[in-house]
Each structure stands twice: as structure tokens, then as C-alpha cells.
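Student: Sequence:
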Amino acid sequence: MSAPLELIWALIGLLLTIGGTFLEASIASPSWNGVQAGIPIHSLGVTYQIGAVLLVGCLGGKNAGALSQIAYVALGLMWLPVFTEGGGLDYINQPTFGYLLGFIPGAWVCGWLAFRMALRLESLAFSCVCGLLSVHAIGLIYLAINLHSDAQTLIDGVFKYSVYPLPGQLAVVCAVTVLAFILRRLMFY
Numbered sequence: 001m002s003a004p005l006e007l008i009w010a011l012i013g014l015l016l017t018i019g020g021t022f023l024e025a026s027i028a029s030p031s032w033n034g035v036q037a038g039i040p041i042h043s044l045g046v047t048y049q050i051g052a053v054l055l056v057g058c059l060g061g062k063n064a065g066a067l068s069q070i071a072y073v074a075l076g077l078m079w080l081p082v083f084t085e086g087g088g089l090d091y092i093n094q095p096t097f098g099y100l101l102g103f104i105p106g107a108w109v110c111g112w113l114a115f116r117m118a119l120r121l122e123s124l125a126f127s128c129v130c131g132l133l134s135v136h137a138i139g140l141i142y143l144a145i146n147l148h149s150d151a152q153t154l155i156d157g158v159f160k161y162s163v164y165p166l167p168g169q170l171a172v173v174c175a176v177t178v179l180a181f182i183l184r185r186l187m188f189y
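All residue numbers for the sequence shown refer to our numbering, where the first residue is 1 and numbers rise by one.
Note that these hints are calculated values from the structure, not bench results.
Because the structure is a prediction, the values reported are computed rather than measured.
Be careful, since some hints might not be right.
Distance windows between CB atoms, simulated [said to hold, decoys possible]:
hint	residue 1	residue 2	range
1	Ala3	Phe188	31 to 41 Å
2	Ala137	Cys174	12 to 22 Å
3	Pro40	Met1	34 to 44 Å
C-beta: ideal position from N, C-alpha, C; glycine also.
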């Protein structure tokens with residue numbers, strides 16, 4: 001992929017990640033008995049932030065994915081409150097900051113695998129899951145370093161930041177996989 005195209009994808013990824021931070025992921029579950037009016041919406045307990053990270057990797061490749069997330073972390077640390085709980089240099093002390101750092105290798109791994117294998121739904125799903133696991137691995141390492149003094153707090157953090165959000169994030173991975181597959185077919189690459 002050419003450098004200008006990678007920069008465009010990096011900018012798109014940055015904007016999607018910022019926007020995805022503030023959009024809650026939900027699913028619609030229509031009533032099958034016809035009694036209930038309307039379609040109820042159920043929250044997945046996560047935002048589309050991780051979806052944006054993985055989508056830019058699947059569509060823009062490893063360099064665009066990593067560059068967009070480097071820009072996202074830099075913006076959040078220096079200028080804009082684009083993180084879930086604000087921003088600024090003090091955010092480094094937050095237990096979730098490791099997961100934000102994990103966006104960089106997560107997007108890179110996802111993009112690297114997405115363009116290394118033939119374009120199939122299964123290969124895109126595999127690349128997204130590997131990217132998600134990279135995010136969680138870096139997040140857990142940072143959490144362990146940040147909360148090393150108290151084992152119970154560390155276990156609570158692991159459940160709060162990795163275990164509980166994982167089902168919702170896997171649902172977002174499914175949506176990203178299908179969307180990336182369709183878009184890559186439409187864009188002929």
C-alpha cells in the first residue's frame with residue numbers, strides 16, 4: 001500500500017477511534033411473539049473503540065493501524081480528552097492506560113495478519129482476535145506492573161478490565177470482521 005494511502009487510513013482510524021470511544025456497542029433483539037412494540041436495544045457493556053482499532057488494521061494495514069493508534073494515544077496524553085475518562089499526562093497512572101498502549105500493537109498485529117493471508121472471513125476474524133488478544137496482553141502486563149503491590153486489587157482489575165468486557169468485545173470483533181470483509185471486497189483489495 002502506498003504511503004499517502006496509509007496516511008489516509010491512519011487519519012480515518014484516528015477519527016474512528018475517537019468517535020468509537022464515545023459510542024456504546026449495542027445489539028437489537030426483536031420480539032418474536034409480536035406482543036412488544038418496537039425493537040429493544042441491549043448494551044454490550046463496551047464501546048466501539050476496540051472495533052475502530054481493529055477495523056483500521058483490517059482495512060489500512062499494519063502501518064496505518066499502528067500510526068493511527070500512536071496518534072490517538074499522543075492526542076489523549078497531550079492535548080485532547082479523547083480517552084474514556086478524559087486525558088492528559090496523569091492518565092498514565094490509570095489502570096486502563098495499558099489497554100490504550102495495547103491498541104498500538106493490537107492494530108499492527110491485526111493489520112499484519114489481515115494482509116498476510118488470503119481475503120476470507122475466517123482470516124479476518126483470526127486477525128481481529130489476535131489483535132484483541134494483543135491489546136489485552138499489553139493491558140494485563142501494564143496492570144500487573146501498576147498494581148503489583150496488592151494481589152486482590154490485581155485480580156479485581158483483571159476481571160474488571162479484561163474478563164467482563166471480553167464477550168462484548170468479541171461481538172464487536174464479529175461485526176468488524178463482516179464489515180471489513182465487505183469493504184475490502186468493494187474496494188478490490
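Student: Now look at each hint and say whether the structure bears it out.
Tutor: Checked hints:
1. Look at Ala3 against Phe188: about 20 Å separates their beta carbons, and that is not inside 31 to 41 Å.
2. At roughly 21 Å, the beta carbons of Ala137 and Cys174 sit within the given window of 12 to 22 Å.
3. At roughly 42 Å, the beta carbons of Pro40 and Met1 sit within the given window of 34 to 44 Å.
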